[in-house]
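Produce the complete structure using the sequences and hints provided.
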Amino acid sequence: MSAHPGAIRLETLTKAYGSVTALHDVDLEVRAGELLTLVGPSGSGKSTILRLVAGLDRPDSGRILVDGTDVAQVPPHRRAVAMVFQDYALYPHLTVRGNLLFGLRVRRVPRAEADRRARAAAERLGIADLLDRYPDQMSGGQRQRVALARALVREPTVYLLDEPLASLDAQLRFATRADLLAVHRDLGTTMVHVTHDQAEAMTLGDRLAVLDAGRVRQVGPPQQVYDEPADLVVAGFLGSPPMNLVPGGGVLGEAPGLTLGVRPEDLALDPDGPIEATVEAVEALGSEAILLTRCPDGTRLAVRTGPRHGLRAGAGLRLRPDPHRLHRFDTETGQRRRRAEGVDE
Amino acid sequence: MSSRSRRPLTPWMFLAPYGVAVLLLIALPALLNLGYAFTDHTGLTRDPRFTGLANLRRLVADDFFLDSLEASLFHVAVSVPLRLLAAVGLGLLLAAPRPGGRWFRVAVYLPTVIPDVALAVLFLWVLNPLYGPLNQLLGLVGHPGYTWLAEPTTARVGVVLMLLFPIGEGFLVVLAARRLLDGRLYEAAALEGCGPFGQLRRLTLPLLAPVLVLLAVRDTILTLQVNFVPAYVLTDGRPANATQYLPVYIFDHAFEFSGFAYGALLTIVLMVISAAVITVQLLAVRRWRVLR
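Going line by line, the protein sequences match chains A and D. Numbered per full-length UniProt numbering, the first sequence spans residues 1 to 345. Numbered per full-length UniProt numbering, the second sequence spans residues 1 to 292.
Think of the hints as simulated: they come from the structure by calculation, not from any bench. For every residue, glycine included, the Cβ atom is placed at its ideal position computed from N, Cα and C. Zero decoy hints are in this set.
Below, a sample of chain A positions facing chain D; criterion: calculated Cβ distance under 10 Å: (1) P76; (2) H77; (3) R78; (4) Q86; (5) P92; (6) H93; (7) F102; (8) L104; (9) R105; (10) R154.
Derived CB-CB ranges, DEER-like: (11) D:E70 / A:E155: 56 to 62 Å; (12) A:L285 / D:D182: 33 to 39 Å; (13) A:A72 / D:R98: 22 to 28 Å; (14) A:A120 / D:A284: 35 to 41 Å; (15) D:L172 / A:A128: 41 to 47 Å; (16) D:D182 / A:G18: 18 to 24 Å; (17) A:R107 / D:R179: 26 to 32 Å; (18) A:E123 / D:D182: 26 to 32 Å; (19) A:G18 / D:T112: 30 to 36 Å.
A few chain D residues that face chain A, going by a derived Cβ cut-off under 8 Å, partial list only: (20) D182; (21) R184; (22) L185; (23) L191; (24) E192; (25) G193; (26) L203; (27) L207.
Given below as structure tokens:
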């Protein structure tokens, strides 16, 4: 238990909406002051976790502990939790000031105090000159800041951010990502952040939790999850393009009962390499290129390589996988096999 | 060139059928009406003569007109708020999907598709002092009931009651407008501790304000006119002229007493009153910043 408030603990949390089970026995711990990113495909249960922690929905079973206390019976507004919604959910009939003051007025915070908090939040996010604007008079980036400021005025111990950057264009997303990190650093409060964006997941969180089909697949620092995916689902989800997975080993080396994986960047072009392949398509991205290749046995391998290699569709080449970066998974269970248990290298 | 010169004509051609109808059926009669108001036209003779302000002088001295005006304003003042309250209340209540909601919505809309006269005849029964269900309901709580259509005040209330039912259009507009509101606004408000009444006051009503203003203006215009049928079928303007609303008074003058001219002037007065009431409403809307 930490001295700072804002530690969250989910214990065997299960939630179904009608016949659809959104969460299956989820255990997850968010440390106080940490920025945890929940990542996973649509429908994996990320937003459900936020809604349960916020109190918008009730779990079917399991417990939610905030700082050691079960919050099941605590109504949403009494939880020290603020949520930033996807697309922001700003009140369209209120100015920025009205939006920031909304919750404070509902909670009858004295006027002077409420104004002070609204102004402080607006200044922190650089929107103090927009206080008299209405949401439809602002850009997406400005609205995003207002949504964040509206969470700030609550002075919560936990922030829940539901795809906060999803509606911004790529450039703005990059800048806002840095702002979000700065806010987290300044405040030092717990943040749980949901995204389906790879780059956001890798760059934003102290730790990453990968969800799929209502289950937590892996939790850890982003780089560690990327380097050592716990199972086939995580391996197939993280990375763009995702890891090349070959059931039975195939061109990566026979491995009965296992599925071997290698990331596109761990396949090197090498005239003496053991894998023969033909280029099917080239995606030139400026700073790098992705080669989509096919081996004689039909296996498709994506290869990340430098730009300007002069290869075109139809060209033959040979590839060498980095032996230290081969991933082994049990084909049956999908679980990662440690190297010691694996077959010969 | 030819396509360019033809293009500006197309929208006008589409507008033409409606435009012609408006011109022939509304603008022209309105103009004639304006002219007749200053003549002695009876609708029977062919040669209306200009009589200057004679009709106007008659209007100023007309005590029955004042009664009629009072009856109309009373009706608008009571009926419009109640009809709005019913339409908005039921619209908000039945907007959320819930089991059986469809049937309740149909039930609310149904009286609107019943012809006015049929509904009025139905209300003759509802308001019947001897065997009408309304008095029987009152009897259940120990009240002796009223002779509804025989007393001035209760007759007016009876008309208001009847017109509380055909509110389907306003109901539909509110239902649709409420369903367009973003559910996440309500979740955000719930997170702030805003309960159902707080959400109604701080979100729903302000967000629906443009629709509510529209409905209020529309219902004012409508209500000043639609009480013709109930007044005619239920009370024929009686008792003691208590339900001699302006449309009834206009009809009586134009077609039963003294001919078109005076009726035409009264029609203009009704229009001016409608405009005045709406102006007051819109000034209030601006004064209280109902719309952003």
